[in-house]
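Trainee: If you're matching positions, the sequence shown starts at -19 in our numbering and goes up one per residue.
Quick caveat, the hints were computed from the structure, so don't treat them as lab data. Don't be surprised by glycine CBs; every beta carbon is placed ideally from N, CA and C. Check before you lean on any hint, since a few could be wrong.
To be verified - Label pairs and their computed distance ranges (CB to CB):
# : residue 1 : residue 2 : range
1 : Leu153    : Pro200    : 37 to 43 Å
2 : Gln22     : Tyr127    : 29 to 35 Å
3 : Asn75     : Leu193    : 55 to 61 Å
4 : Ile260    : Asp39     : 24 to 30 Å
5 : Arg239    : Asn75     : 20 to 26 Å
6 : Glu282    : Tyr68     : 53 to 59 Å
7 : Tyr133    : Lys49     : 29 to 35 Å
8 : Lys96     : Leu153    : 24 to 30 Å
9 : Glu5      : Lys96     : 37 to 43 Å
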Amino acid sequence: MSEIMTYISDLYDCRKIQLLLLFQEKNIPIELLFYNAYESTQSIYDHLFIQDKNRWSYDSHSMNDEDIKLFNIQMEEQCIHNEEELDYLLQDLLNKNQYIYLWVNLDYMPHWVLGKHYLVEGALHSVFLKQLQINGDQISYLLQDNYPPFCDYVDQSFIKDGIFKGDPQYTHLVSVVSVANWNDQLVQASLEERFTIWRKGLVDHFQFYDHILQFIEEIPANPPSFYERLEHALTLVTGSRYVFARFLEYVGASEELVRCLDQCSQIAERMKNAFAKAVISGKINQSKLSPLCMELKRLEMECFQTLTSDSFAPILLSPLVTSFVSTPE
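Based on the provided sequences and hints, a complete structural model is requested.
Mentor: Below, the structure written as structure tokens:
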């Protein structure tokens, strides 16, 4: 897995990761889809600590369907009701070189082991079907996952069980993606406007890091669960800062801001790894983590100030090239 896909996995859910795998394979400039991947730490804290939700249900506002369609990538959903309808639809679409995304019940998927690879019975996961293979009466589908060891041809029975023994609200929807007519030139006109609107709405007070400093000083009642939540929060920060930096780098933004965002990602990753170890050991090194947290907050505020300043504005250099620069006051 490439470096950028590693950090994408820190931020996005399985469906968005699998879409990006396809786009990258087709040489679509995925960096442009990260124009609003800078996540508010306030939003992350609220999701994990106030609403008490898990990391996997965190829905980044970036990489949404509307942004994807800017590239002239066709996306639609079709509802299926029975196995015969599913058989016909999958084979018809794959023979037409369409790409298929499904939600399936992991209890019925090969390779996945409850208690090892996932923790909740009946958990849903996105799968990406790329090709069809027919050998006599046996029909198999090439399944691509965001976990490379699980990518393989699988018998159609696994797909059917995963769909019809899952939650029909999700598993009975077949998402069809066509990239045959993608065009990155179409995105340029809308991107500048969307970036400007998004940037004007940015709000963050970075109190999240004050909370972390306080948490570092405390002895939690349930260390593994508590430290895992901090690990997950910093995982989101790590991925967010890295992929947003790749967008700014791609469009030719200030190298200083890109470096600062990369530093934020690197420090967040160090802290994330420390909390991941603490999940097992139940202990943290306060003398190391506290200075890291203070440095991360300082850099985050520095990046945010640059990003939201009036002097930081997009400039359309040509019909095909957009650059975001920070000019002197």
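Trainee: Check each numbered hint against the structure and report the violated ones by number, ascending.
Mentor: 5, 9
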